[in-house]
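K.L.:
Sequence:
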Amino acid sequence: MKIQLLIWCEFTIDQHRVGYVPLWEDDPNYIREVQQQMDAGMPLCDCSNCNPAGSESVMEALSMATKDNFDDILQNTYTGPVNVDLTPKYPPRANNPMKRKFTEDDKAEIETFTKHLSNNLHNYYDTEISPDGNLRGADLFDADDCVAILSHMGNIVEPKYLKKIIGAECFEGLARPP
Numbered sequence: 007m008k009i010q011l012l013i014w015c016e017f018t019i020d021q022h023r024v025g026y027v028p029l030w031e032d033d034p035n036y037i038r039e040v041q042q043q044m045d046a047g048m049p050l051c052d053c054s055n056c057n058p059a060g061s062e063s064v065m066e067a068l069s070m071a072t073k074d075n076f077d078d079i080l081q082n083t084y085t086g087p088v089n090v091d092l093t094p095k096y097p098p099r100a101n102n103p104m105k106r107k108f109t110e111d112d113k114a115e116i117e118t119f120t121k122h123l124s125n126n127l128h129n130y131y132d133t134e135i136s137p138d139g140n141l142r143g144a145d146l147f148d149a150d151d152c153v154a155i156l157s158h159m160g161n162i163v164e165p166k167y168l169k170k171i172i173g174a175e176c177f178e179g180l181a182r183p184p
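In terms of our numbering, the sequence shown opens at residue 7 and continues consecutively.
FYI, nobody ran anything at the bench for these hints, they're computed from the structure.
In this text, a Cβ means the ideal position worked out from N, Cα and C, and glycines have one as well.
Incorrect hints may appear among the rest.
What the hints assert, rightly or not - Under the rule of at most 25 Å between Cα atoms (straight-line distance), these lysine-lysine pairs were calculated in the BS3-like manner:
#1 170 <-> 121
#2 113 <-> 73
#3 95 <-> 73
Claimed, not checked - Listed next, with one range per pair, are the computed distances between beta-carbon atoms:
#4 95 <-> 45: 38 to 46 Å
#5 164 <-> 62: 25 to 33 Å
#6 94 <-> 135: 46 to 54 Å
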């Protein structure tokens with residue numbers, strides 16, 4: 007608890023008054039502060055300057071820290087297991103969506119799909135979304151996007167999945183449900 011208070015006090019000190027945090031024991035400001043604490047009868051704090059051995063034990067036990075044992079670790083009363091399973095400390099990995107692999111035999115079907123989807127989307131954009139705009143549908147959506155959609159076809163069950171695959175909406179209404 008003392009370390010938490012010390013850290014809190016350290017961050018709330020007027021930085022213009024102190025200007026820096028002493029890093030060495032021979033710093034005159036540090037020596038003066040320690041002397042003031044001793045004169046006031048305050049116990050030594052548990053920082054790495056005042057208690058280097060205690061800070062080493064805290065660092066060694068930090069990988070085993072939980073909400074329940076953190077105070078024990080700070081007070082150096084925690085005795086944990088030697089071999090610790092740290093797997094709960096790491097977040098679970100997300101499963102990658104299944105991606106379809108294509109063969110050389112699929113090339114004609116891919117080209118047909120790409121041409122059909124691209125033409126329809128470019129036509130829709132150029133006539134409905136931005137008929138007189140400087141940006142054309144072909145500038146926003148290309149064959150790579152078509153192949154990405156085709157290879158993840160089984161995973162696209164909602165518009166948000168389409169957005170993930172092609173990198174969000176290319177233009178307003180692209181990923182809108184029919």
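K.L.:
Next, verify each hint and record whether it holds.
P.N.:
A quick look at each hint next to the structure:
1. Note on residue 170 and residue 121: the hinted pairing holds, with a Cα-Cα distance of about 22 Å set against a maximum of 25 Å.
2. Using a Cα cut-off of 25 Å, the hinted pair residue 113 and residue 73 is violated, with the two alpha carbons roughly 56 Å apart.
3. Taking the CA atoms of residue 95 and residue 73, the gap is about 12 Å. The hint holds against a cut of 25 Å.
4. Checked against the given bound of 38 to 46 Å, the beta carbons of residue 95 and residue 45, roughly 43 Å apart, stay inside it.
5. At roughly 52 Å, the beta carbons of residue 164 and residue 62 sit outside the given window of 25 to 33 Å.
6. Restraint check, residue 94 to residue 135: a C-beta distance of roughly 49 Å satisfies the suggested window 46 to 54 Å.
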